[in-house]
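Colleague: Kindly produce the complete structure, drawing on both the sequences and the hints.
The lines below spell out each chain.
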Amino acid sequence: GNSVTQMEGPVTLSEEAFLTINCTYTATGYPSLFWYVQYPGEGLQLLLKATKADDKGSNKGFEATYRKETTSFHLEKGSVQVSDSAVYFCALNSGGYQKVTFGTGTKLQVIP
Amino acid sequence: GAGVSQSPSNKVTEKGKDVELRCDPISGHTALYWYRQSLGQGLEFLIYFQGNSAPDKSGLPSDRFSAERTGGSVSTLTIQRTQQEDSAVYLCASSLDGLYTGELFFGEGSRLTVL
Chain A
65 GNSVTQMEGP VTLSEEAFLT INCTYTATGY PSLFWYVQYP GEGLQLLLKA
115 TKADDKGSNK GFEATYRKET TSFHLEKGSV QVSDSAVYFC ALNSGGYQKV
165 TFGTGTKLQV IP
Chain B
583 GAGVSQSPSN KVTEKGKDVE LRCDPISGHT ALYWYRQSLG QGLEFLIYFQ
633 GNSAPDKSGL PSDRFSAERT GGSVSTLTIQ RTQQEDSAVY LCASSLDGLY
683 TGELFFGEGS RLTVL
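One line per chain: the protein sequences are A and B, in this order. Its first residue numbered 65, the first sequence is counted upward by one per residue in our numbering. Its first residue numbered 583, the second sequence is counted upward by one per residue in our numbering.
Honestly, I wouldn't trust all of these hints.
27 Å max Cα-Cα, derived DSSO-like pairs, lysine-lysine [what the hints assert, rightly or not]:
#, chain 1, residue 1, chain 2, residue 2
1, B, Lys599, B, Lys639
2, A, Lys132, A, Lys116
3, B, Lys639, A, Lys163
4, B, Lys597, A, Lys171
5, A, Lys132, A, Lys163
6, A, Lys124, A, Lys141
Keep in mind that the hints were calculated from the coordinates and are not lab data. Bear in mind that the values here come from a model prediction, so they are computed numbers and not experimental data.
Modeller: Structure (structure tokens):
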């Protein structure tokens, strides 16, 4: 079956540091890949997505590239801000409908 | 409404009682999903609706769990004879058409605590 593995947190960074959150997946077919973010006290929301190999999703300074050869979709940001503190979920969907499979989430804390 | 609305936001109940959790999706969204988020766990898929029908109920953990959706809109997740292991945050999401490339819109969740 489908599965998503992402690095365990929490991750603590100083403001303006470089961020990488690793995500690898196992799936049948050609899945779509997603990063969702959950800010404190809010619901999950889509951060970015990529629907085919070598696509790069980007939003709010975050980027992730769909790497089929390594089955990875690592999240990166060049300079994090305190406002980026949240829980980040990697996810995939390879079904005919959106039965999305989520990772366990990585908590990011950015300190001033 | 503007977003996915869930109620109650918090529910504390005693073991053995029944609970109902409600989800009001974004107007016009045909697909609706229930997930469960337990401490330290990812999001566990429970059930998916397309319109009023549920083509995939495979995630419901036991026959104590059931869900329905009426009028292609509001959904209710019912847990009968609650157990302590049912304690979790229950998340509802909707999407425009259920296509696998699209975005899920989540509510803020209903936190269930079973004493």
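Colleague: Checked against the structure, which of the hints given earlier come out wrong?
Modeller: Violated: hint 4 alone.
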